[in-house]
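Novice: For the sequence shown, the UniProt record's numbering assigns the number 1 to the initial residue and increments by one for each residue that follows.
Please keep in mind that the hints were generated in silico from the structure rather than gathered at the bench.
Ideal Cβ placement from N, Cα and C applies to all residues, glycine included.
Where hints are given, some of them may not hold.
Simulated DEER-style distance windows between Cβ atoms [claimed, not checked]:
id: 1; residue 1: Ile28; residue 2: Glu8; range: 31 to 39 Å
id: 2; residue 1: Ser5; residue 2: Arg36; range: 44 to 52 Å
id: 3; residue 1: Lys37; residue 2: Ser5; range: 28 to 36 Å
id: 4; residue 1: Lys4; residue 2: Lys34; range: 41 to 49 Å
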Amino acid sequence: MHRKSFKEQEPAIFSIIGFAVAYIAALIINRIIKTRKTHH
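Model the full structure from these sequences, guided by the hints.
Specialist: Structure, rendered in structure tokens:
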């Protein structure tokens, strides 16, 4: 693999990582909201 091809794929890798982080954060927030609703 050439470094040029890696630099071309870099934005895609960052977008996938960002999407994964946002998805995990949404799951954590959803769980916190559910636990708060059951307590109240």
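Novice: Would you mind marking each hint as holding or not holding in the structure?
Specialist: Now for the hints, and whether the structure bears them out:
no.: 1; hint: Ile28 with Glu8: 31 to 39 Å; in the structure: holds, 33 Å
no.: 2; hint: Ser5 with Arg36: 44 to 52 Å; in the structure: holds, 47 Å
no.: 3; hint: Lys37 with Ser5: 28 to 36 Å; in the structure: violated, 48 Å
no.: 4; hint: Lys4 with Lys34: 41 to 49 Å; in the structure: holds, 47 Å
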